[in-house]
Amino acid sequence: MLGRNSFQFLIYALFCAGVLALPMFVEDAFLLNKSARYLVLGILAMALSLSWGYGGILNLGQATSFGLGSYCMAMALKLRTVPIHTGAEGLPDFMVWNNVETLPWFWQPFYSMPFALAAGILVPALISGLLAWFMFRGRVTGVYVAIITLAFLVVVNLLIIDQQRFTGGFNGITDLAQLELFGFEFDAYGASSYYLIAATLTVCLFAALLVTKSKAGLVLQAIRDHENRVRYFGYDVARYKIFAMSVSAAIAGVAGMLYTVVMEFASPTFLNVPLSLSVVIWCAVGGRQSLLGSTCGAMLIAGMQGALSESETFLETWTLVMGLLFVLVVLFLPQGLAGIGQRLVDHLFAQRARAHAPGTSARPATTPPSS
Amino acid sequence: MEFVSQAITGLSIASILLMVALGLAIIYGITGVINLAHGEMVMLGAYSAWALQTFVGLGFFASLPLIFLATALFGWVIDRVVIRHLYNRPLDTILATWGIGVMAQQIVRLVVGGELRYVQMPSLNSALQVGSVDIPIIRLFILCLSIALFALTWYLLFRTNLGLKLRAIAQNREVASCFGIDADRVYGLTFAYGAGLAGLAGAVVSPLKSVSPEMGTTYVVDAFMVVVLGGVESLVGTVVSSGIIGGLSGSIAFYFNDTIAKAAVLLAIVVLIRFMPQGLFAAKVRS
Amino acid sequence: MEQQHKDLRLDHVSVRFNGFLAVDDLTLTVKAGELRCLIGPNGAGKTTTLDAICGKAKASTGEIRLGDALLNNLEEHEIARIGIGRKFQVPSIFRQLTVRENLLVAHSRQPGVVRNALRFRRSEDSDGLDKLAELVGLRDHLDRLAGHLSHGQTQWLEMALLLAQDPKLILMDEPTAGMTAQETRKTAELFNRLKGNRTLIVVEHDMAFVKEIAEVISVMHQGKLLAQGTVAEIERDAAVKEAYLGSGGISDA
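Protein chains in written order, with the working numbering: chain X, -3 to 367; chain U, 298 to 584; chain H, 494 to 746.
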């Protein structure tokens, strides 16, 4: 007989299997690319769900980690382009246009792909960790966390745009080489990239799920519920929150790197306020307390947006509808759409428990439930 | 004379900021709601000015009271329909008001179109000559208006019965209700007043800048910084911090560039929140 | 191995909130294994004293020690790890977690974050926690959301959480508030079983309850220690009568 945990694992596994199986039914390169993009955004939403849904940390600057990861990958891929795209003497084109003479020191290490991969995960994690340390050691909570993370995002965004000699400014870093790993080439419009992203999604989803099922995940939820009480049990609340935000940032960084692969560029739009706020909407609508819910919320909404992007009016109307849906969810459905699913599952399990209660036959109990 | 002109600009920025921040501070201070739709209220005020001028041919000054009432009504409706479900959920008020802001922007885009609109400068488009500097009359008007509104707000809060009730509720909503103060009605009025102030700000700023659906966003971020810096409990704090932030942005922008100025101000605010969450001007309260 | 038993000592402790003196030059010693009752009128500073011990409030002057360890400048979780547990006046359970999950959180022998990220619930001492749930009558509610419990059940859960934490010094703030007579009796039995192995400090208003469990009573008034002694001594004390008990003695209060 299936317990709740096993049931949950099964659902997650089915979802991942479905995602991985998609290329068998879809062959159009354009569609595959679009689907891959939505998967990446799903990973981003899942990262926020970890820190917001489970830890109660409303990180309005989740895009910071996403963007930093994407720039790390972009830098590495830029340095691998054929000389045609790099301008002159191994310098990226935008640097040449900005009269930069030599490659800056912080670009140099990105010649190494392993470094770039590590940086894409560790740089966001470290920076978020530092910000988290700054905030949570000072017992900043709730609303102020939202403000600070948002302000920080704006600062990073401004700096990246401002320092266009080193970062490509408004246009970002474009004309990238293809990603090559372990002898595989990952074509943004091919099944290879899709599989890479789908596999990463699966790994991250289950890793995050395991974290939520661990003792640390439980303590984190207790912190979300009643932060101050948790201290008196002996837990260093600041450390747990820093942990949550850093892990969340690392996952977002991974997503950022994959986004560069699938979009074939990196730009400040990956690091801006509208994106960061969109992630919040995806999580809220999908269900912030459910990793799978947030992932699906992102895929659904971004998907709809993509499908409607043909027509200007449709898109504007869609955004209006999204705003309305968001407000309704905040007001009446704090657990999002996943919450509805959760209630159904609870109902089914409760019914089954009653049917199997000692002393009754196989038919369900006729007395009304006590809760 | 560069300095004088720079000072005027800084003062002008500060006075606009004050009008926007005042409304936000009132709403946040009394109801505890963080109104991320505040920028859209500014935007709606600006569009109202444009609409009244273009379709009705109403003069600039004549339309101001109407705009105040219209945006006030908008604020009141938002409170009654949406916010009243969220009084106990501060984080969710951020989300909900932001959603409303998005909706407002979209509705404006769909109904009016997203192109820039322009409001004619009112008949006093000449400038005052002080020495060798030209001070646009409109900026003087904004300065005077902001001071007048501040004085009016101060008077309402500290010299009237209504203000007393507002301050009681800000301190302790439940206890105030026990004394017969209808918190719901008061919250609605507060929202209305704050929104009206924002609408006025948008209206008077509209001749200076172009009007677009997304113009509100910068205002809400800046206004929020003012409120955080000045401390929610102090009106004077709001004035002073408007001055500080207005002047600071102006001078940093003068020496570096706009981008660095903004980044610097934001970082300063972040540090401030961390070390002095009650702002610079909060009264000491027994914990 | 014998547990190191440690005395709790407050030495000239004052707690000041922006000018208001909530605790005024308090000197108090509670011996290891003792059950000390802290009574007094409202505003006497009893809760603030508990706050100062567990780290919720900062002592402005004086020293608080458990054995040799100085508690004054430690953070709340560090004080908790030394072995001090607190039950608050206001119900503070984790409403969105189940009863079982509440108990798991309280079982905080290993508080480190990284290690806990690698530990899963099966390796927890579930037998011990089941027994605890049985003890407080919540065995059948282990999978219920804590937010759905009744007020009395919530109080019991709080007690169970404290026991799961297994501190050497337990600070209780009005443990019987809202309890029926039967539940109060059950609590008294529990306390009497706990003392000796653990030290208990109980802030209470229910004098019948205090009589049942008290060994030594400390009476506070306006932040100061007014009197200290056994039940009989306190009942005879004139100053205490005037400030708190009235002429009828403890049973009348």
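Keep in mind that the hints were calculated from the coordinates and are not lab data. Even glycine gets a Cβ: it sits at the ideal position worked out from N, Cα and C. Just so you know, not all the hints are guaranteed correct.
Claimed, not checked - With the C-beta cut set under 8 Å, the calculated list includes, among others, these residues of chain U facing chain X:
1. Asn385
2. Gly396
3. Met400
4. Arg406
5. Val408
6. Gly410
7. Arg414
8. Ala560
9. Met573
What the hints assert, rightly or not - A short list of chain H residues far from chain X (calculated; beta carbon distances all over 12 Å):
10. Arg574
11. Arg588
12. Leu687
Quiz item: For which of the previously enumerated hints does the structure constitute a violation, in increasing order of number?
Solution: Hint check: 1, 5, 6, 7, 9, 10, 11 fail, others pass.
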